[in-house]
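2 protein chains.
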Amino acid sequence: MAYSRAGRRVKTGSYMSDQRRPCVILHSPQLGENIGAAARVMRNFGLTDLRLVSPRDGWPNPAADTMSAGAFDAGVSVNVHETLQDALEGVVYLIAATARLRGIEKRVTDAVGAAEAAFARSAGGGKGVAAVMFGGEKAGLPNEAVALSDLLMTYPVDPDFKSLNLAQAVCVFVHEWGKLDAAENPSNFPSQSQVKPLEAQTTGEANPATRDDVFRMFEHFEFELERAGYFFPPEKTPLMKDNLRSALIRADWTEQEVQTFRGAIKALAIGRGKARVVRED
Amino acid sequence: MAYSRAGRRVKTGSYMSDQRRPCVILHSPQLGENIGAAARVMRNFGLTDLRLVSPRDGWPNPAADTMSAGAFDAGVSVNVHETLQDALEGVVYLIAATARLRGIEKRVTDAVGAAEAAFARSAGGGKGVAAVMFGGEKAGLPNEAVALSDLLMTYPVDPDFKSLNLAQAVCVFVHEWGKLDAAENPSNFPSQSQVKPLEAQTTGEANPATRDDVFRMFEHFEFELERAGYFFPPEKTPLMKDNLRSALIRADWTEQEVQTFRGAIKALAIGRGKARVVRED
Numbered sequence: 090m091a092y093s094r095a096g097r098r099v100k101t102g103s104y105m106s107d108q109r110r111p112c113v114i115l116h117s118p119q120l121g122e123n124i125g126a127a128a129r130v131m132r133n134f135g136l137t138d139l140r141l142v143s144p145r146d147g148w149p150n151p152a153a154d155t156m157s158a159g160a161f162d163a164g165v166s167v168n169v170h171e172t173l174q175d176a177l178e179g180v181v182y183l184i185a186a187t188a189r190l191r192g193i194e195k196r197v198t199d200a201v202g203a204a205e206a207a208f209a210r211s212a213g214g215g216k217g218v219a220a221v222m223f224g225g226e227k228a229g230l231p232n233e234a235v236a237l238s239d240l241l242m243t244y245p246v247d248p249d250f251k252s253l254n255l256a257q258a259v260c261v262f263v264h265e266w267g268k269l270d271a272a273e274n275p276s277n278f279p280s281q282s283q284v285k286p287l288e289a290q291t292t293g294e295a296n297p298a299t300r301d302d303v304f305r306m307f308e309h310f311e312f313e314l315e316r317a318g319y320f321f322p323p324e325k326t327p328l329m330k331d332n333l334r335s336a337l338i339r340a341d342w343t344e345q346e347v348q349t350f351r352g353a354i355k356a357l358a359i360g361r362g363k364a365r366v367v368r369e370d
Numbered sequence: 090m091a092y093s094r095a096g097r098r099v100k101t102g103s104y105m106s107d108q109r110r111p112c113v114i115l116h117s118p119q120l121g122e123n124i125g126a127a128a129r130v131m132r133n134f135g136l137t138d139l140r141l142v143s144p145r146d147g148w149p150n151p152a153a154d155t156m157s158a159g160a161f162d163a164g165v166s167v168n169v170h171e172t173l174q175d176a177l178e179g180v181v182y183l184i185a186a187t188a189r190l191r192g193i194e195k196r197v198t199d200a201v202g203a204a205e206a207a208f209a210r211s212a213g214g215g216k217g218v219a220a221v222m223f224g225g226e227k228a229g230l231p232n233e234a235v236a237l238s239d240l241l242m243t244y245p246v247d248p249d250f251k252s253l254n255l256a257q258a259v260c261v262f263v264h265e266w267g268k269l270d271a272a273e274n275p276s277n278f279p280s281q282s283q284v285k286p287l288e289a290q291t292t293g294e295a296n297p298a299t300r301d302d303v304f305r306m307f308e309h310f311e312f313e314l315e316r317a318g319y320f321f322p323p324e325k326t327p328l329m330k331d332n333l334r335s336a337l338i339r340a341d342w343t344e345q346e347v348q349t350f351r352g353a354i355k356a357l358a359i360g361r362g363k364a365r366v367v368r369e370d
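Those protein sequence lines, which keep their order, are chains A and B.
Here our numbering is used: the first residue of the first sequence is 90, the next is one more, and so on.
Here our numbering is used: the first residue of the second sequence is 90, the next is one more, and so on.
If you're looking for bench data, these hints aren't it; they were derived computationally from the structure.
Treat the hints loosely; a few may be bogus.
Same chains, same label: a pair holds when it works inside one copy or across any pair of copies.
[Stated by the list, open to error] When the alpha-carbon atoms are kept at most 30 Å apart in a straight line, the in silico DSBU-like pairs for lysine-lysine are as follows:
{"id": "1", "residue 1": "K251", "residue 2": "K355"}
{"id": "2", "residue 1": "K330", "residue 2": "K227"}
{"id": "3", "residue 1": "K227", "residue 2": "K325"}
{"id": "4", "residue 1": "K355", "residue 2": "K227"}
{"id": "5", "residue 1": "K355", "residue 2": "K325"}
{"id": "6", "residue 1": "K330", "residue 2": "K355"}
Fair warning: this is a prediction, and the values are worked out from it, not measured in the lab.
Same shape as in the complex, but just chain A (with noise of 0.2 Å):
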């Protein structure tokens, strides 16, 4: 494993590239799940550097093993500290993850601006990393450890329902952080080539089709193919249906393309004469 109990930085192999990332901080967390589930996401998008001040339940924990998915042995390293200001070594600047703003006065962004700002610190190039903290489930973070923060980050929770998992929490900026991760060095992200930007996605001032009309047009349709004998060899047919749809459903229906395909259909099938069993639905 690559956790250590002591307080020093675990090297994490040679897991990607020489740009510095910034470490997440989990202070006074209390569920083992949790911390699994914090550390698999920052695995997911490539943060590998977690350190835990003081967990309840101490460290090595089996329940954080169950569910970071092997992100401890992917090189994800956790170190485990007393105080906050032993996690802190090596840190240049700190955000502190919060739902209440509390009336300190401190610069206060969203998970984008919190994402740039590490960035901007730790792929500078100078010294040190940019470290992103959470409080415990419970509580949050206590006041001194906000108080230390260089950076608030809120996000745009209903305010009505604002707490979110800790793992979650850790999710929203780790992602946040992926994306100009993967903006940065694209050649790292092979999937992310097929992101397009999208075309207009309305129909104008058309009644889009709902998925309930564009199913039975797909019926419609194969219910004829089949009659016509058009799947073939049976063992395809399968295959053969899920290209039908999947370059139908590109289309983006309307409501009256949906009729008028399903009109062509008609008359498709009596024009070769099978029109003699009548599909209702």
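Once you've looked at the hints, dock chain B against the given chain A.
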């Protein structure tokens, strides 16, 4: 509870706005914990329509209740369906979350693009809603479900560790939705009014001070203030220290500035004739 075993939608009461919001579909989810965590984070960002296609462990599910943190009582409705087709009632636009792009000819976007597409569909005032669909923990989405979608959504995950937890995958999308919602309806999100664009966060050419340096500076300062009788009455000492640290930390110190400030403290202490005790660090 606001869920139903039947395939019909349950009215979610008067929760928020007349604006329709996308629904979330979990296709063949396995763990109740993930369903509950997904419901919680949906509710955090204002989404309340959760649809399950053949959940492995049936419904209701006590593990889901536990992890939901009350989201089901706070407006999230759950509807269970045997087939995807049943779950798509009223859906006019289907987004499929997938890490494997499978060579299917579909439009592909990231979480931002997907949220924008869902927002355009849901807020447009037309009939129907957009849906975002996630596959089960083990297998992801079946091909026939992907074939039915209008748009694929993929995240910039590390190719070497790309399997997101199901609830975390939901979290990434709903946060992007929440950002759009907050931008469009700022009055619903009072805390976001404090989010301001950050000034440039650099300190120019200078080396930023490490947090260790700043800590030692604080301790030095507080040590001298203590000796000077500044902290009075004693019970207010922690608050006074927090206020000082909170103010000073905003200065975003460079190494040179820390040295300068410490020199100033020393000079003041000597000037007051109180330098008999020499502090070391």
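Looking at the structure, which of the earlier hints fail to hold? The structure breaks hints 1, 4; every other hint is satisfied.
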